[in-house]
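Colleague: Please model the complete structure; the sequences and the hints are all you need to start from.
Order-wise, the sequence lines are chains A and B.
With my numbering, letter number 187 in the first sequence gets 187, and the count goes up by one each step, no holes.
Whatever position you read off the second sequence (first residue = 1), add 1000 for my numbering.
Please keep in mind that the hints were generated in silico from the structure rather than gathered at the bench.
Be aware that a few hints might be false.
If you only want the chain A side, here are some residues facing chain B, beta carbon under 10 Å, derived [said to hold, decoys possible]:
1) Met31
2) Asp48
3) Phe54
4) Gln125
5) Ala126
6) Ser135
7) Ala143
8) Gly162
9) Gly192
Simulated coverage check for chain B against chain A, where a stretch passes if three residues somewhere in it have a Cβ under 8 Å from a Cβ of chain A [to be verified]:
10) 1045 to 1053
11) 1060 to 1072
12) 1118 to 1132
13) 1137 to 1143
14) 1180 to 1194
15) 1239 to 1248
16) 1562 to 1574
For every residue, glycine included, the Cβ atom is placed at its ideal position computed from N, Cα and C.
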Amino acid sequence: MNFTINVWRQNGPKEKGGIATYKVSNISDDMSFLEMIDVLNEQLIIQDIDPVVFDHDCREGICGMCSMFINGEAHGPGRGVTTCQLHMREFKDGDTITIEPFRAKAFPVIKDLMVDRGSFDRIIQAGGYVSVNTSGNLPDANATPIEKQDADAAFDSATCIGCGACVATCKNASAMLFTSAKVSQLSLLPQGKIEASERVMNMVKQMDLEGFGNCTNTGACEVECPKGISIENIARMNREYLSASITSK
Amino acid sequence: MSKLNANIPEGSLAEKWTKHKSKIPLVSPANKRQIDIIVVGTGLAGSSAAASLAELGYNVKAFCFQDSPRRAHSIAAQGGINAAKNYQNDGDSTFRLFYDTIKGGDYRSREANVHRLAEVSASIIDQCVAQGVPFAREYGGLLDNRSFGGVQVSRTFYAKGQTGQQLLLGAYSALSRQVAKGRVELLSRHEMVELVVVNGKARGIIARNLVTGELERHSAHAVLLCTGGYGNVFYLSTNAMGSNVTAAWKAHRKGAYMANPCFTQIHPTCIPVSGDSQSKLTLMSESLRNDGRIWVPKKAEDALAIREGRLKPTDLSEENRDYYLERRYPAFGNLVPRDVASRAAKERCDAGYGINKTGEAVYLDFSSAIERFGSEAAHVKGIKNPNENQIKKLGERIVESKYGNLFQMYEKITAQNPYKMPMMIYPAVHYTMGGIWVDYNLMTTVPGLFALGEANFSDHGANRLGASALMQGLADGYFVAPYTVGTYLSQDITTGKIPTDSAEFDEAEATARNRMNGFLNSKGNTPVEIFHRDLGKIMWSQCGMARNEEGLKKAIADIRILRDKFYSDVKVLGKIGEMNPELDKAGRVADFLELGELMCMDALAREESCGGHFREEFQSKEGEAVRKDDEFAFVAAWEFAESDPGKSKLHKEELSFENVELNTRSYK
Ligand SMILES: Cc1cc2nc3c(=O)[nH]c(=O)nc-3n(C[C@H](O)[C@H](O)[C@H](O)COP(=O)(O)OP(=O)(O)OC[C@H]3O[C@@H](n4cnc5c(N)ncnc54)[C@H](O)[C@@H]3O)c2cc1C
Ligand code: SF4
Ligand code: FES
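Modeller: Okay, structure coming up:
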C-alpha cells in the first residue's frame, strides 16, 4: 500500500510548527502504524532529513507512550487501541493520513509529535498513593478480605495507562478521566479509604494548577480512551470531592 | 583465573538472611541525610529501591529514559508474580519455591540468593496489597492464585493479564510519594551513558538529558543499576523498543563483570513473526498454558495443507492432532518450563509440522477449556442438557474473564478470533537470566555499584520460571537492597559530598562525548536500525534456541565484521546538544554489537546444555539437554579487557549445592 503522510513538525517548545508532507510506499497491511513511521523515518534519514520524533516504547498498548492524533482522533480510528496497536489494514491504499501531537496547554510539545506529560506525574505525586512505607511487617495480605466486585472495579480503574488521550480529545483539555481513575481505584479499596478525602482534594487542586480545563460532561474522553476507562469514575470522584469538601470545612 | 567471592553469609540456608540482617551496621538518620544514592532505572527493581531508600532517609536521584517512571518495561509483564504464601494449601512452602527455582534454573544459580528470594516473597504480596494493588480475588474476598510452568502448586498472584502494570504502578506510587516529599529527585528522559569510578569506587554517572541533549554530571556515594534486561540484542524480542544494555555495558567496561551472558530465555508462546519490517514481538502470557493445549497436526501432509490454506485446524479430528508436550512430558504436560516448551516447538517445526505460512508456528488451543468451563458453568446455573452453543457461550465468557485482554491483544495483531480458531504461537526472545555479576549483597565487582532486577544475573540460573522476575525485581528493591546498600554506605558517613569537577568526571564525560561525535562524524550511508536488524539475525540464528561450536565461531566473526562496518558506515544526523533519538539508538546498538560477541563467547565456552542454553553437541538420544556438572557447575563471570570484547577474561564462581541434590531435570 502507498500513503501520503501529513505530519506535524516542530523543532522545539517555543518554535513554530507546521505540517510537512511525505510519501511512503510498499507498506504491508500487517504493519503497525508505528512500523509505518519507522519506514518513513528510515527513508528520511537516507534523504538527509531529520526523522520524525515520536514517543513509543512497549508497542503493545500498555506503556502509554505513543501519543498521536491521527486523522483527528487520539490514537487514530478504532476503539480500544493505542497507536502502536493500530494496523495499516485499517487504512485504504492511497489514503492521506494526518498525524499531529496530543494538544493541551498542560501537554506542551517538546518536538514534532512528542509532548511533555509531566503534569500527569505531578497529579499522582499530589496524592495518588497509599501512605505506607516498605517494611517486612505489614498485615498478611489476606487479613482484610475485599469483595470481588470492589476489587474488580478497582482493577478496572487501575488499568489507565496515563496516555493522555482523554485530555487530547476533550474540548476543554480536562484531565478528569485520568485523575478520577486513580481516585476511584484507591477509594474502592479499604487500604485507600483512610486518606480518601485528602487525596481527592490534593489531586484535584494539582490538576487545576497544571492548567487542565473543567469537565463539562461531554463524555468524549471515555469514547477515545484506549483502555475503556468509564466516566463513572468521574461521577465517583465528584462524589468523593463533594463529601471531602464538606468535611474539610 | 581469580576466584570470585560471593560473600555468602555463614550458617544454615534458612538462617543466613536473618542472621546477616541482624549484623548489618546501621546508619543513623542524621547521617543518612548526608548520603546520596543514584538509582538508574525505575522499573519494579528501581522504583521499589528508590522509594525504600528514600523512606529510610537517603537522598535519592532516580533516572529513566522514558518520560515517566511508570512507563518502564515492567509495565508490560502480564501473567503474575510468585510468592510462597501457600494460600491454596497445596503443599507450597519457602523451601518448595526455593527448590523449584533452583531446579527450574537447571542448577546454575546460587542457593543462598534463591533461598532469600523465596523467604521474602510473601512480604512482597503483603506490601503490594497495602499499597492498593488490585490483585484478582475469589468470591470470598481472598486472593486468587494460578499456576505457571515448571511447578505443581498454584502460587502465582495476578491482576488479569496486567500484573506488571499493577505492580509497577504500586511501586511508582510509592516513588511518587517520596518525590512529593522531596526525598527523591526524578530525572525522566535521562539516559546513563557513562559510569564514574573514583579511587576504585562507583561515585556517579554521566547522563544525557534526552530533551536538551546536554551531558550532565551526577555524583553519589553509591550507584544502583536497575536497568532491565538486554534481550533486544536479538532485535526482535518481547522487550520494549528502548530496552538496552547500555548502562550495564558501561559498567562492564569500567570493571563490573558480566555473568552468564549467554543465558537467554526464549519464551514459547509469542505471536509469530509476520513480516520483514516487524519491529517487535508480542508475548502471549504463559498463564495461557494453564488452560490452552499446544499441538501440531500428527501428519506432515495435514500441516502442509494448513500452511497452504487448504485445511483449517478446526477440521482436524482429535486423533489427527499431536499434543506433543502432553505426549513427551505427561507429568507436567503443557506446563513444562519455558526452555523445554520452546525447544519442543522448534523440534516439531524443524521436522515439518509448523502451521503458518513460514512453517514457524504451532497451535495454542482453548477449545477443550471452553468446553470444560462451559459445562461447569451450565451445571452451576442449573441448565439441564445444555446444547453445544450454550456451552461454548458460557465457556467463552469464562475464558474472557481470565484472559480477555490477551485474547483482545491477539486479535488486534493477527485479525483472527482466538475464541473460534486456535492461536498461532512461536518462541521468541523474552528475558535474560545473564547480567551483571553481583555478590550476595547485590554488589558488583566495582565497590559501590549495585545491580538489581533483570540487570543482574543473580537468581534464575540457566532458565527463569514464569512469574519469578517480578518477584525478584521487587525483592531486590523493597527487601534486599535497603539493607545491603546501607551496609556499604556505613563506611561513607564522613565522606561528604562527592565533587563533580574531578578528573574522573572530566574523563567520563569526554569519553561519552567522543563516542557520540564518532557516530555523528562517521558520515556513512546506513541508518542505525539496519545494523541492529542484522545483528539480531546473527544472534537468533547462531545464539538462539540451539547453538553449536561452528555456528558460534561464525557468529563471532560476523559480528566483528558488522561492528567494523557500523563504525565506518553508520549514518546519524543532527548534533549532540539537541534532542536526537537516532543518536541515542546508535549508542545502544554500538553496545549491543559488543555484547553480542561476548554472548557467543560465553555460549562457546560452556560446553554443556543447561536451561535456555542448548548446545546441539550435548544432547541425549531423545533430544533432551545434557548438563555436565563436574565441569560446568559455575557462574561464568567475564571481565572486560583492553577495550576489546574479544579478549574478555573468564572468571569462575564455583556453585556448591548443599541443600539440593543435583538431578537431571525431568518433567516426564
Ligand atoms: C512482555 C513481557 C511479559 C512479562 N511477564 C512477566 C510475568 O508475568 N511475570 C514475571 O515475573 N515476569 C515477567 N516478565 C519479565 C519482567 O517483566 C522483567 O524481567 C522485569 O519487569 C524487569 O524489571 P526491572 O525493574 O529489572 O527492569 P525494567 O522494568 O526493564 O526497567 C528498566 C528501567 O531502566 C531504565 N533504563 C534502562 N537503561 C537506562 C539507561 N541507560 N539510562 C537510564 N535509564 C535506563 C528504564 O528507563 C527503566 O526505567 C515479562 C517480560 C516481558 C517482556
Ligand atoms: S483515562 Fe484512558 S485516555 Fe486517559 S490517560 Fe488513562 S488510559 Fe489514557
Ligand atoms: S508504545 Fe506503549 S502503548 Fe503504544
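Colleague: In ascending order, which of the hints set out earlier in this document are inconsistent with the structure?
Modeller: Hint check: nothing fails, all pass.
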